[in-house]
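Since the structure of chain A is already known, use the hints to place chains B, C and D on it.
First to last, the protein sequences are chains A, B, C and D. Under the numbering used here, think of the first position of the first sequence as 161, with each following residue one higher. Under the numbering used here, think of the first position of the second sequence as 161, with each following residue one higher. Under the numbering used here, think of the first position of the third sequence as 161, with each following residue one higher. Under the numbering used here, think of the first position of the fourth sequence as 161, with each following residue one higher.
Calculated directly from the structure, the hints in this document are not laboratory data. Computed from a predicted structure; not experimentally measured. Virtual Cβ for every residue (Gly too), placed ideally from N, Cα, C. Mixed in with the good hints, there may be bad ones.
[Unchecked claim] Which residues of chain B face chain C? A few of them, derived with a C-beta cut under 10 angstroms, are:
1) T163
2) E165
3) M167
4) V185
5) A199
6) C202
7) L203
8) E205
9) R234
10) H268
11) R272
12) A277
[Claimed, not checked] Computed footprint of chain C on chain A, listed as stretches where at least three residues anywhere in the stretch have a Cβ under 8 angstroms from a Cβ of chain C:
13) 198-205
14) 208-222
4 protein chains.
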Amino acid sequence: MKTAEMMETYPAEINLDRELLAKVVDALAACSQACTACADACLSEDMVADLRKCIRSNLDCADICDVTGRVLSRHTGYDANLTRAQLQACAQACKSCGDQCDEHAGHHEHCRVCAEACRACEQACQELLATIS
Amino acid sequence: MKTAEMMETYPAEINLDRELLAKVVDALAACSQACTACADACLSEDMVADLRKCIRSNLDCADICDVTGRVLSRHTGYDANLTRAQLQACAQACKSCGDQCDEHAGHHEHCRVCAEACRACEQACQELLATIS
Amino acid sequence: MKTAEMMETYPAEINLDRELLAKVVDALAACSQACTACADACLSEDMVADLRKCIRSNLDCADICDVTGRVLSRHTGYDANLTRAQLQACAQACKSCGDQCDEHAGHHEHCRVCAEACRACEQACQELLATIS
Amino acid sequence: MKTAEMMETYPAEINLDRELLAKVVDALAACSQACTACADACLSEDMVADLRKCIRSNLDCADICDVTGRVLSRHTGYDANLTRAQLQACAQACKSCGDQCDEHAGHHEHCRVCAEACRACEQACQELLATIS
Numbered sequence: 161m162k163t164a165e166m167m168e169t170y171p172a173e174i175n176l177d178r179e180l181l182a183k184v185v186d187a188l189a190a191c192s193q194a195c196t197a198c199a200d201a202c203l204s205e206d207m208v209a210d211l212r213k214c215i216r217s218n219l220d221c222a223d224i225c226d227v228t229g230r231v232l233s234r235h236t237g238y239d240a241n242l243t244r245a246q247l248q249a250c251a252q253a254c255k256s257c258g259d260q261c262d263e264h265a266g267h268h269e270h271c272r273v274c275a276e277a278c279r280a281c282e283q284a285c286q287e288l289l290a291t292i293s
Numbered sequence: 161m162k163t164a165e166m167m168e169t170y171p172a173e174i175n176l177d178r179e180l181l182a183k184v185v186d187a188l189a190a191c192s193q194a195c196t197a198c199a200d201a202c203l204s205e206d207m208v209a210d211l212r213k214c215i216r217s218n219l220d221c222a223d224i225c226d227v228t229g230r231v232l233s234r235h236t237g238y239d240a241n242l243t244r245a246q247l248q249a250c251a252q253a254c255k256s257c258g259d260q261c262d263e264h265a266g267h268h269e270h271c272r273v274c275a276e277a278c279r280a281c282e283q284a285c286q287e288l289l290a291t292i293s
Numbered sequence: 161m162k163t164a165e166m167m168e169t170y171p172a173e174i175n176l177d178r179e180l181l182a183k184v185v186d187a188l189a190a191c192s193q194a195c196t197a198c199a200d201a202c203l204s205e206d207m208v209a210d211l212r213k214c215i216r217s218n219l220d221c222a223d224i225c226d227v228t229g230r231v232l233s234r235h236t237g238y239d240a241n242l243t244r245a246q247l248q249a250c251a252q253a254c255k256s257c258g259d260q261c262d263e264h265a266g267h268h269e270h271c272r273v274c275a276e277a278c279r280a281c282e283q284a285c286q287e288l289l290a291t292i293s
Numbered sequence: 161m162k163t164a165e166m167m168e169t170y171p172a173e174i175n176l177d178r179e180l181l182a183k184v185v186d187a188l189a190a191c192s193q194a195c196t197a198c199a200d201a202c203l204s205e206d207m208v209a210d211l212r213k214c215i216r217s218n219l220d221c222a223d224i225c226d227v228t229g230r231v232l233s234r235h236t237g238y239d240a241n242l243t244r245a246q247l248q249a250c251a252q253a254c255k256s257c258g259d260q261c262d263e264h265a266g267h268h269e270h271c272r273v274c275a276e277a278c279r280a281c282e283q284a285c286q287e288l289l290a291t292i293s
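Okay, chain A solo, but in the shape it has when bound:
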């Protein structure tokens, strides 16, 4: 990821802390990829029928992390209300998905690794939310 490097090249002011922003964008990309991969790995498990809710959470979380990463990669015409609302939705998605994956972390390595990505991402979103007035 060239997130921090790209952030440095933005030609105008950025309303949020660039270092923290880059960290959150990277956590979102990692979480989105892990969730897409975890949904697919769950789909290949013998016990797929027990993993329906987990797969659904994975799909939502992947989609929402992707979009939140895009919103945070844009700085032109910053809109605090939108950034805040999307970050709140994303923190919720990461929490829901992390909870689901944690339930299966003992049986499925992909759920264990994915839960870690979700927790890290939820934490990063909350850190950034705390700086948005």
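Same frame as chain A, but now just chains B, C and D:
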């Protein structure tokens, strides 16, 4: 769109009203497409420099409507907290983008049509939000 | 969808036929939604274990139709090579997903409706491809 | 990114080389983020009117890299025809966007960094394509 028809084929219970859900999903698809097209039309205007904030709002709104439509198209393992949070972010995106496009509606037909799509979508999201306890 | 209306407001020339373009964009939106819904409906079926490949095709097709619809909604700086390549990938995704859904169309209404959306979308993509030199 | 770690946890066979796959998925995520950021940075430049085509290429490339990364993160029900077609479209998107950004690399650091991400991603896609029979 085959949204309502697909909704009828879902093999289990759906926690929200199917007719309203289908209406919101369709409004989201229409708004997302309008916003993508409006961003591109703004980009081709002579006065593109005056439309920067509008383009940015368009891009965010297109992304957020897309993802919200996906979340609402899934019913397995329904999560009211996630649905509510994403709908709130989406209503905010539609409001912000509708406000931006309205400012240029007198000069640019694409902004006028897009503002209509944003208003209809914001209204649909609010209607659905009112039914989520 | 306000696709045709938005297409009319584009302030410059469009290299492809506007009516056909709007038809394809609408078919892509319908197919993407149907595929997202079909993946979720498959996930809720008792026999989900028999639908793994179908779910995966649905997820790919939804993603690819979404993105292809975005590419076709943009006209600024038209790039025939890119449009052609993305349309070819999309036609392939619709074909693969339509084939998968057709196999289950007798047992699952969502697969039957989704296969229709995939076939219509594949056909629309091929029609547009035939006009790109 | 936990791409390689997630790849290791997939519970069945993967038809392509896991190490190469993970490298490509990471290059796609980096390129998608760089393109989203570059589009936004271009939008904030004084000379935005000269960067229209670059912005459009950035938007397409971001969308296409995102979706290609998702397709490559799924292994269940592998479909060589679809993977190949989407990779070809993506290599084209990276080439087009890299060419655009290269034209402005002397004036805009974001275009220079983004062009690097596009070249690396195009190269990674071509490497993977060469292994798909």
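The hints, checked one at a time:
The beta carbon of T163 (chain B) comes within 6 angstroms of a beta carbon in chain C, closer than 10 angstroms, and the hint placing it at the interface holds. Given the 10 angstroms rule on beta carbons, the hint for E165 (chain B) holds: about 5 angstroms separates it from the nearest Cβ of chain C. The interface hint given for M167 (chain B) holds, since its Cβ lies 7 angstroms from the closest Cβ of chain C, which is under the 10 angstroms cut-off. Annotation: V185 (chain B) was flagged as interfacial toward chain C, and the flag holds, the nearest CB pair being 6 angstroms apart, inside 10 angstroms.
The closest approach between the C-beta of A199 (chain B) and any C-beta of chain C is roughly 8 angstroms, which is under the 10 angstroms cut-off, so the hint is satisfied. A hinted interface residue such as C202 (chain B) counts as satisfied when its beta carbon comes closer than 10 angstroms to some beta carbon of chain C; here the least separation is about 9 angstroms, so the hint holds. Residue-level restraint check for L203 (chain B) holds (minimum Cβ-Cβ distance to chain C is 5 angstroms; threshold 10 angstroms). Interface hint status for E205 (chain B): upheld, as the beta-carbon distance to the closest one in chain C is roughly 6 angstroms, under 10 angstroms.
Because the closest C-beta pair between R234 (chain B) and chain C is about 4 angstroms apart, less than 10 angstroms, the hint holds. Because the beta carbon of H268 (chain B) sits about 7 angstroms from the nearest beta carbon in chain C, less than 10 angstroms, this interface hint is met. This hint holds: R272 (chain B) has a C-beta 8 angstroms from the nearest C-beta of chain C, less than the 10 angstroms allowed. Residue-level restraint check for A277 (chain B) holds (minimum Cβ-Cβ distance to chain C is 5 angstroms; threshold 10 angstroms).
Beta-carbon proximity to chain C at under 8 angstroms applies to 4 residues in the region 198-205 of chain A; the threshold of 3 is reached and the given coverage holds. Beta-carbon proximity to chain C at under 8 angstroms applies to 6 residues in the region 208-222 of chain A; the threshold of 3 is reached and the given coverage holds.
Violation of the numbered hints given earlier is absent; every hint is satisfied by the structure.
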